[in-house]
Structures are given as C-alpha cells and as structure tokens.
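Let's have the full structure, built from the sequences with the hints guiding it.
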Amino acid sequence: MTNKELQDALNGRLEKFDGEKYSGKEASTPIYHRWYMHEIESELESRGIEIFRAATWKIVAEIDGPGDLRVGYEPVASVNVEIKSDKRYKFGGPGVVKSIRVQFREDLQDLTIEETRAYLLKADLKNRLEYWRKERERLSAELDKAAEKIADLTSISIEEADV
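Going by the working numbering, the sequence shown opens with residue 8, and the numbers climb by one from there.
Wrong hints could be hidden among the right ones.
Under the rule of at most 27 angstroms between Cα atoms (straight-line distance), these lysine-lysine pairs were calculated in the DSS-like manner [said to hold, decoys possible]:
| # | residue 1 | residue 2 |
| --- | --- | --- |
| 1 | 11 | 133 |
| 2 | 23 | 94 |
| 3 | 91 | 32 |
| 4 | 91 | 28 |
| 5 | 133 | 65 |
| 6 | 65 | 94 |
| 7 | 97 | 28 |
| 8 | 105 | 32 |
| 9 | 141 | 152 |
| 10 | 11 | 129 |
| 11 | 65 | 105 |
| 12 | 23 | 11 |
| 13 | 65 | 97 |
| 14 | 105 | 28 |
| 15 | 129 | 141 |
| 16 | 129 | 65 |
| 17 | 23 | 91 |
| 18 | 28 | 65 |
| 19 | 97 | 32 |
| 20 | 156 | 141 |
| 21 | 23 | 105 |
| 22 | 91 | 105 |
| 23 | 94 | 28 |
| 24 | 65 | 23 |
| 25 | 94 | 105 |
| 26 | 32 | 94 |
| 27 | 11 | 65 |
| 28 | 91 | 65 |
| 29 | 105 | 11 |
| 30 | 32 | 65 |
Between beta-carbon pairs, the in silico distance windows are [what the hints assert, rightly or not]:
| # | residue 1 | residue 2 | range |
| --- | --- | --- | --- |
| 31 | 135 | 48 | 28 to 38 angstroms |
| 32 | 125 | 155 | 42 to 52 angstroms |
| 33 | 8 | 142 | 32 to 42 angstroms |
| 34 | 8 | 153 | 52 to 62 angstroms |
| 35 | 153 | 108 | 55 to 65 angstroms |
| 36 | 100 | 126 | 35 to 45 angstroms |
| 37 | 125 | 100 | 36 to 46 angstroms |
| 38 | 139 | 79 | 12 to 22 angstroms |
| 39 | 41 | 132 | 31 to 41 angstroms |
| 40 | 23 | 137 | 41 to 51 angstroms |
Rather than coming from a laboratory, the hints here were simulated on the basis of the structure.
No experiment lies behind these values; they were computed from the predicted model shown.
Every residue gets a Cβ at the ideal spot worked out from N, C-alpha and C, and that includes glycine.
If you want it as structure tokens, here you go:
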C-alpha cells in the first residue's frame with residue numbers, strides 16, 4: 008500500500024464529518040480534533056500500520072530503527088480542516104465542519120509504508136552525520152584556539168610574567 012492509497016482511505020473515512028455540527032464548548036481543543044484523530048488512529052490500527060500516529064493538525068512518524076536511529080514526531084502528512092464558525096465568537100464557539108482531509112507530503116506520496124520507513128530513517132541518519140561532521144569541525148577549531156593559547160603562555164618566561 009502506498010501513502011497515496013492510505014491518504015485516499017483516510018479521506019474516505021473522514022468524509023463522514025462533512026457537514027457535522029460542533030458546539031465549541033470544549034475547554035481548549037475543539038472536538039473535531041478528537042474526531043479526526045480517533046478515525047485516523049482506528050484506520051491505521053485496522054491496517055496494522057504502527058509507524059504513523061495522529062497528532063493535532065498532522066500525522067507523524069515515530070520509528071525505532073537499528074541501533075541509535077530513531078525518528079520521532081516527524082510530520083508525514085497534514086490534516087486540513089475547513090470549518091465555518093459562528094462569527095459572533097472571536098475564539099471557539101459553535102460551527103460546522105465543511106471538510107477534514109489528509110494530505111501526505113509530496114516526497115512520500117508514491118512510497119509504500121516500508122519505503123517511507125526506510126526513507127525517513129535514511130534522512131535521520133543523514134542529518135545525524137551532518138550534525139556530527141559540523142560538531143567535529145567546531146571542536147577542532149576550539150582545540151586549535153586552545154593550543155595557540157597554550158603555546159603563547161609557554162613562550163612567556165617567568166620573569167616576564169612577574170612584570
């Protein structure tokens with residue numbers, strides 16, 4: 008199954024919320040977030056997909072790879088919610104959900120779930136290598152500066168230091 012096929016399946020499942028009314032009386036997070044998160048989690052669970060997880064406004068990847076490799080909270084898809092809210096309320100308030108749709112990242116559209124896993128782990132490995140390469144350069148520059156300071160200090164005689 009490709010991510011595009013998964014996207015179509017998720018969007019088909021989320022169509023049931025089109026035209027759904029909500030009260031807007033929730034404490035902080037509007038109820039429609041719970042609606043789509045529950046549906047996305049249910050669809051992923053029914054298909055046995057464990058590397059994706061629903062989050063507010065997105066679907067994220069959480070992957071444990073070999074060794075230290077780990078992809079945590081990497082956004083792979085956005086959840087687009089179109090609502091028509093009551094204009095009398097500045098924040099919150101009642102309204103109607105026009106549509107809730109999932110859109111996977113363009114670079115992941117044609118990949119299978121396993122290919123997506125490998126792609127994200129390779130990207131994580133590449134980012135780690137780049138980070139450590141830059142860190143090594145930074146530490147090398149610091150070591151060079153420290154060596155210069157030590158060389159300067161050792162060149163000063165004790166008599167000169169007393170002045």
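Going through the hints against the structure:
Proximity of residue 11 to residue 133 is assessed by CA-CA distance (about 25 angstroms); at most 27 angstroms being required, the pair is judged to hold. Between residue 23 and residue 94 the alpha-carbon distance is near 24 angstroms, which keeps this suggested pair within the 27 angstroms criterion. Distance restraint check for residue 91 and residue 32: the Cα-Cα separation of roughly 16 angstroms lies within the 27 angstroms cut-off, and the hinted pair is therefore satisfied. With a C-alpha separation of about 10 angstroms, the suggested pairing of residue 91 with residue 28 holds against the 27 angstroms cut-off.
Between the alpha carbons of residue 133 and residue 65 the distance comes to roughly 24 angstroms, so the proposed pair stays at or under 27 angstroms and holds. The suggested pairing of residue 65 with residue 94 holds, with an alpha-carbon distance near 26 angstroms, which does not exceed 27 angstroms. Using a Cα cut-off of 27 angstroms, the hinted pair residue 97 and residue 28 holds, with the two alpha carbons roughly 18 angstroms apart. A C-alpha spacing of about 19 angstroms is found between residue 105 and residue 32, which places the hinted pair at or below 27 angstroms, so the restraint holds.
In summary, the hint linking residue 141 to residue 152 is supported, as the alpha carbons are separated by about 17 angstroms, within the 27 angstroms threshold. Annotation: proposed proximity of residue 11 to residue 129 holds, straight-line Cα distance about 21 angstroms (limit 27 angstroms). Of the supplied pair hints, the one linking residue 65 and residue 105 holds, its CA atoms being roughly 18 angstroms apart against a limit of 27 angstroms. With a C-alpha separation of about 20 angstroms, the suggested pairing of residue 23 with residue 11 holds against the 27 angstroms cut-off.
A distance of roughly 24 angstroms separates the Cα atoms of residue 65 and residue 97; the hinted pair therefore holds under the 27 angstroms criterion. Taking the CA atoms of residue 105 and residue 28, the gap is near 9 angstroms; set against the 27 angstroms cutoff, the hint holds. Restraint check: the Cα-Cα separation between residue 129 and residue 141 comes to about 18 angstroms, which is no more than 27 angstroms; the hinted pair holds. Of the supplied pair hints, the one linking residue 129 and residue 65 holds, its CA atoms being roughly 22 angstroms apart against a limit of 27 angstroms.
This hinted pair checks out: residue 23 and residue 91 have alpha carbons roughly 16 angstroms apart, not beyond 27 angstroms. Taken as a hint, the residue 28 and residue 65 pair is honoured in the structure, with Cα atoms around 22 angstroms apart against an allowance of 27 angstroms. Between the alpha carbons of residue 97 and residue 32 the distance comes to roughly 13 angstroms, so the proposed pair stays at or under 27 angstroms and holds. Between residue 156 and residue 141 the alpha-carbon distance is near 23 angstroms, which keeps this suggested pair within the 27 angstroms criterion.
At most 27 angstroms may separate the alpha-carbon atoms for a hinted pair to count; residue 23 and residue 105 meet this at roughly 11 angstroms. Simply put, residue 91 and residue 105 have alpha-carbon atoms about 7 angstroms apart, close enough for the 27 angstroms limit, and the pair holds. Annotation: proposed proximity of residue 94 to residue 28 holds, straight-line Cα distance about 15 angstroms (limit 27 angstroms). This hinted pair checks out: residue 65 and residue 23 have alpha carbons roughly 19 angstroms apart, not beyond 27 angstroms.
For a cut-off of 27 angstroms, the pair hint linking residue 94 to residue 105 stands: about 15 angstroms separates their Cα positions. Restraint check: the Cα-Cα separation between residue 32 and residue 94 comes to about 15 angstroms, which is no more than 27 angstroms; the hinted pair holds. With a C-alpha separation of about 15 angstroms, the suggested pair residue 11 and residue 65 falls inside the 27 angstroms cut-off, and the hint holds. A distance of roughly 20 angstroms separates the Cα atoms of residue 91 and residue 65; the hinted pair therefore holds under the 27 angstroms criterion.
Taking the CA atoms of residue 105 and residue 11, the gap is near 22 angstroms; set against the 27 angstroms cutoff, the hint holds. Between residue 32 and residue 65, the direct Cα distance comes to roughly 23 angstroms. Compliance with the 27 angstroms bound is thereby established for this hinted pair. Checked against the given bound of 28 to 38 angstroms, the beta carbons of residue 135 and residue 48, roughly 29 angstroms apart, stay inside it. In this structure, residue 125 and residue 155 meet the distance hint of 42 to 52 angstroms, their C-beta atoms being roughly 45 angstroms apart.
A hinted range of 32 to 42 angstroms for the beta carbons of residue 8 and residue 142 is consistent with their spacing of about 39 angstroms. Range check, residue 8 to residue 153: Cβ separation about 55 angstroms, and the 52 to 62 angstroms hint holds. The hinted window of 55 to 65 angstroms between residue 153 and residue 108 holds, with their beta carbons roughly 56 angstroms apart. Against the hinted window of 35 to 45 angstroms, the Cβ-Cβ separation of residue 100 and residue 126 comes to about 41 angstroms, which satisfies the hint.
At about 45 angstroms, the CB distance of residue 125 to residue 100 agrees with the hint of 36 to 46 angstroms. Between residue 139 and residue 79 the beta carbon distance is about 18 angstroms. The supplied range of 12 to 22 angstroms therefore holds. A C-beta distance of roughly 35 angstroms is found between residue 41 and residue 132, which places it inside the suggested range of 31 to 41 angstroms. Distance hint check: the CB atoms of residue 23 and residue 137 are about 44 angstroms apart, consistent with the given range 41 to 51 angstroms.
In this structure, every one of the numbered hints holds.
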